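These are the residues of each chain, in order.
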Amino acid sequence: MSPLTPSTEERHSRFELRTLLETSRLLIESQDPDFVLNNLLLITMGKLLVPKGMILIHKPGDDAYFVSKSKGRGWLAEDDELKAEFPLSILETSVIYGEQYADVFETIGIDSGSVLFNLKTSNHHLGFLCLGPKGNKQPLTEHEVEFIESLTIISSVAIANSRMFQELRHINRRLDRKVHDLNTLLELSKDFNLMVDQNEIARSFKFAMLGQMLIRTFFFALDVQGEKRIVSISGIKEEPDAKQLDKLFQLDDVNHVDGTEDCPFLEENDIKLVIGLRFQNEKIGLVGVGLRATKEGYGDSEVNFLQSLGNLALLTIQKTLLLEERIEKERLEEELNLAKTIQEGLLPNPVPTIDGFDIEAINVSSRQVGGDYFDLLKLQDEGHLLAIADVTGKGVPASLLMANLQSMLHALAPLNVSLEEASGRINDIIHDNTPADKFITFFWGKISSDKRHFKFVNAGHNPPMLFRKGKSKPELLEEGGVILGAMPTLMPYECSEIDFESGDLLVFFTDGVTEAMNPDQTEEYEEERLIKCINKNREKSSAEIMTAVIDDINKFSDNIQYDDITMIVLKVN
Amino acid sequence: MKNFTIAKRQIDSISVLDISGELDAHTASQLENSLKALIDEKQFKIIVNCSRLEYIASAGLGVFMAYIEDVRGLGGDIKLTNMNDRVYNVFDLLGFPTLYDIHDDEQEAIGGF
Chain P
1 MSPLTPSTEE RHSRFELRTL LETSRLLIES QDPDFVLNNL LLITMGKLLV
51 PKGMILIHKP GDDAYFVSKS KGRGWLAEDD ELKAEFPLSI LETSVIYGEQ
101 YADVFETIGI DSGSVLFNLK TSNHHLGFLC LGPKGNKQPL TEHEVEFIES
151 LTIISSVAIA NSRMFQELRH INRRLDRKVH DLNTLLELSK DFNLMVDQNE
201 IARSFKFAML GQMLIRTFFF ALDVQGEKRI VSISGIKEEP DAKQLDKLFQ
251 LDDVNHVDGT EDCPFLEEND IKLVIGLRFQ NEKIGLVGVG LRATKEGYGD
301 SEVNFLQSLG NLALLTIQKT LLLEERIEKE RLEEELNLAK TIQEGLLPNP
351 VPTIDGFDIE AINVSSRQVG GDYFDLLKLQ DEGHLLAIAD VTGKGVPASL
401 LMANLQSMLH ALAPLNVSLE EASGRINDII HDNTPADKFI TFFWGKISSD
451 KRHFKFVNAG HNPPMLFRKG KSKPELLEEG GVILGAMPTL MPYECSEIDF
501 ESGDLLVFFT DGVTEAMNPD QTEEYEEERL IKCINKNREK SSAEIMTAVI
551 DDINKFSDNI QYDDITMIVL KVN
Chain B
1001 MKNFTIAKRQ IDSISVLDIS GELDAHTASQ LENSLKALID EKQFKIIVNC
1051 SRLEYIASAG LGVFMAYIED VRGLGGDIKL TNMNDRVYNV FDLLGFPTLY
1101 DIHDDEQEAI GGF
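The listed protein sequences correspond, in order, to chains P and B. Sequential numbering of the first sequence, starting at 1, is according to my numbering. Sequential numbering of the second sequence, starting at 1001, is according to my numbering.
Bound conformation, chain B alone (with noise of 0.2 Å):
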């Protein structure tokens, strides 16, 4: 099985996902049902902290794709924070920075809410 894994925080009313590993085709619904169980939970202020992330491919990207306009339409927001530059690379080749939140750091994308 491919190293990927999810952790959840709380800071306030902020839900912050701690992923860390290779989010890929296969690793894609585990994110996925993270994501679900926040909206499911009403928590639509997501935070995930990208710095232990070590790859991602477009099926991960997508992941986040399918949620962040729904949650945007709910009253929140699913902000990235933490990237590597490989990271980063994938999302600005993509084209996604210009259109959602990426902050370098935690404590930033927490203001932002």
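Here chain P stands alone, though its shape is the one from the complex (with noise of 0.2 Å):
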């Protein structure tokens, strides 16, 4: 034997370490536990000639062990399962003997003969390796125990490092999933945004829900002002009627679906979780989703991502809500700029003079139209004609009845046709045409073309105030009949005169100026205070006087107007 041939033992020992190097090259590289195992049990059961092996993996938690790998007859099969816990004395032994512990062989099932050897790393028990007794029945010399230890060492880190590969890996495929999640929810809510459709962001939400979960079956409900109604539906067979989505708005908000319900809508489409969406604390939306076609179920991750996104649909479709209100209420204010122009073009602008007379006439509405009237137009015979009126209630009703009766004051005014007779039909007229509850207090009368008599009838109209020179108390013009509008003329309306002197002061006013209240709203400006104002400024022109009352008015009222306030003041020259 040449000194340069290496011994028997050492070329057993050189074989031996490359098969280590290269198994365990092989080992390290592979991320696949499955194949470390199945080499390790393969690579030991050849080198030693066993003919029975097993590879049992720990199940943490579960106290048992998983058969992973299993050769040779009589053993435990592949994917059994074994219920057993060993003493942590034994879970730190590398090499487990049949002599020493037979109760450990017998719970496993093998023969006395066989050995353990642990797989283990620093510090995680990960199973056992179980080799049965050698074909020629030898034990195992200690040359062979030590290179199966190193071997099971090798395995054991190969393994942990491919778990851990998989769970770093599970927990990225999460995390992109998350990061998913997010995504959706920015984008949408950036889509939404620019969408004032309800239907197409009901639609979207829709499509983003069965993306996301990949379901098909849903449905997105909504409660507006107390009308419930389904907005955006998916495979759904038929829709709910009323009483079953009242129920459904009555379930808790995060409502997995169990049966308990009694509701058959979410059992014939198979719905598995009912969501409840609240705006300002109040549940307004509802979302209903069906199985998830991964057939996995829906978790605390899900339900928070579809209350989220449920959410945003939900604020989006409420903002559109507001902003087709507000473009509403904006055409609705626009059209009562135009009713007001209208309204405003009905009273004589500018008020027209009357030789020998001083005339100034103002009309202050509450709001943009008003149920208050006054008119003065010169009639064919030279005379005139004036009137006030104040239609009861406010807003465009009372705009309405006053355009009316302006129209039935002109029509009648050309006609030949007494003031007591024409009375009783724009009442006849009134009373047929509008509600029981809408009147018009009216007083008109005709200066006589010789401007020395007024003839009047007052229709239950807060009676004007006529002060003849000299005299502080004003006499008042009430003669006349009821209101119009209330009953059909029984009794015809009686018509009264009086005569014109120089320096008399007539003062015709709604009852917004009697009417008009303090700040406290205890009080009323009523008729005194008026006459005494009215008197102050007996002596100045029409226009002073008005002037001076509107602002005794504003004074006592602090500025704030409830009613529509009209006057005319005429003045004899």
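Hints listed in this document are in silico derivations from the structure and should not be mistaken for laboratory results. Just so it is clear, the structure is predicted and the values come from calculations on it, not from any experiment. Even for Gly, the Cβ is constructed at its ideal location relative to N, Cα and C. Do not take every clue at face value.
A partial selection of chain B residues facing chain P, derived with a Cβ cut-off under 8 Å [stated by the list, open to error]:
1. 1021
2. 1025
3. 1058
4. 1097
Assembly of the complex is requested from the two constituent chains, each provided in isolation within its own frame, with the hints serving as guidance.
What follows is the structure, given as structure tokens:
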């Protein structure tokens, strides 16, 4: 034997070292635990000529082992589960022999001539490599045990690594999924911002849900001011009726469907989860989702996502509703402005002048349009017609009736009809054409063509005040008849007449003047204050008297106007 | 307006939709309309070629979810092909590939019918 030729033992040892090296490279590089375990078992069995071998993998928390690999007959089969938990002393022992630990071998169900090698890392027990007796029934040599121990250490490290790698991959994937969830939310919040159409928002929400959860059954319902309705739907056989919708809205905010809901709609469509969406603590939205194509359930993170996206959709729809409301309001305001212009056109502007008189008139509406009316028109016989009226109520309804009265008055004025007869006709028409609670207080009168006489009819209006020259107490022009529109003309209206004298002052007004309120709303302006103010300014022009009265009212009410104010001041020169 | 277009081709009994651009919440309804039209025409063998699809959001994927089972129930299928990696990644994250057909190549999808 040449000195350069290695001894048999050395050759043997080199072979083992090479096996170890190659195996370790193979195992460390592999990220597949199954491959590692299979190799460990095959290599050891082949190397030691063992006909039976098995690998048990510990299932932490389950007090059990899983048979990952099993070769040969008579032992547990692959994929079997072994219920067993061993004391720490065993879990820390590297090589376990049957003579010493008969009970362990019995538990696992292997022959006493077998050997157990512990698969462990420095702090984790992973399982066991079980090797049956060698084919030649010889016990394992110290050398062989060492070799297998080395292999199990390398394999254990490789398994621990690949487990960690898999866990990382799993975590990474979950992270990716979370990032995608957030992206979806972010993107939709941007998209929703650009949408003003409710249906488009509901549809986008639906598709995002279907894609994100991989579902095909979905419904989205809204409660808009007490009216519940489905706004978006997918894969639903038949929409729920009103009764079932009501029931759905009464479920818990997060309701995993379990059959106790007593709602056939949920079962027929295989809805798995119903989520209530709240706006300012009121449940006004509902999302239902069906089975996921992946057969996964709905966990906390899915529920969270559903709620977030649902709330986003709900808020956006709420926003569009408010926007629609605002547009509608603006449209109404525009119409009202138009109505105001039309109504202003119905009042005489400028106030006509009549020779021998100093006349001033004003109309201030508390809203855009009002129910007060006054008029002053010249008649064919050179006389003049003067009218003032107040329609019950305010706003648009009152202004419509006011316009109606104006047209009647203008139609009747040129005709040769007496004031009392015309009053009766107007009353009948108004009574026939308006609801029972709509009236008009109305006063009108005719200034004769020679401007000396004034005939009038008062239909329930605040009596105009006639201040005779030198008198501070006014005469009230009360005679006439009942308020317009309350009842048919059973009793004809009466017409009265006064004669004008130079220096007389006539003040016509609506109840907005005398019923103006102080800021505390405890007291009205009343006739007494009006008379006092007029007397104080008695010698001034009509315009100045009127300004003084309006100023006085504004001072009294602190500029807060509740009702329309209309006034005509007429001085006889 | 977002850039998203759909073109339709017919290969024997198979309808191919070539989609390109960005498929998101805004453009999802365009794809929905195309799929609906095919179903109305009783064209149930559908391939959606995504070679020029640059981006897909969950809402885009939702359109497939809304129709794929219906089409399968009618004896057809919706098969997706030629996705770029970024687009495929979205499908993959949501778990779509394990349930529905995604092919690398249109020819392969045609053979699948």
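Tested hints:
1. 1021: 15 Å, violated
2. 1025: 4 Å, holds
3. 1058: 4 Å, holds
4. 1097: 11 Å, violated
Checked against the numbered hints listed earlier, the structure breaks hints 1 and 4; every other hint is satisfied.
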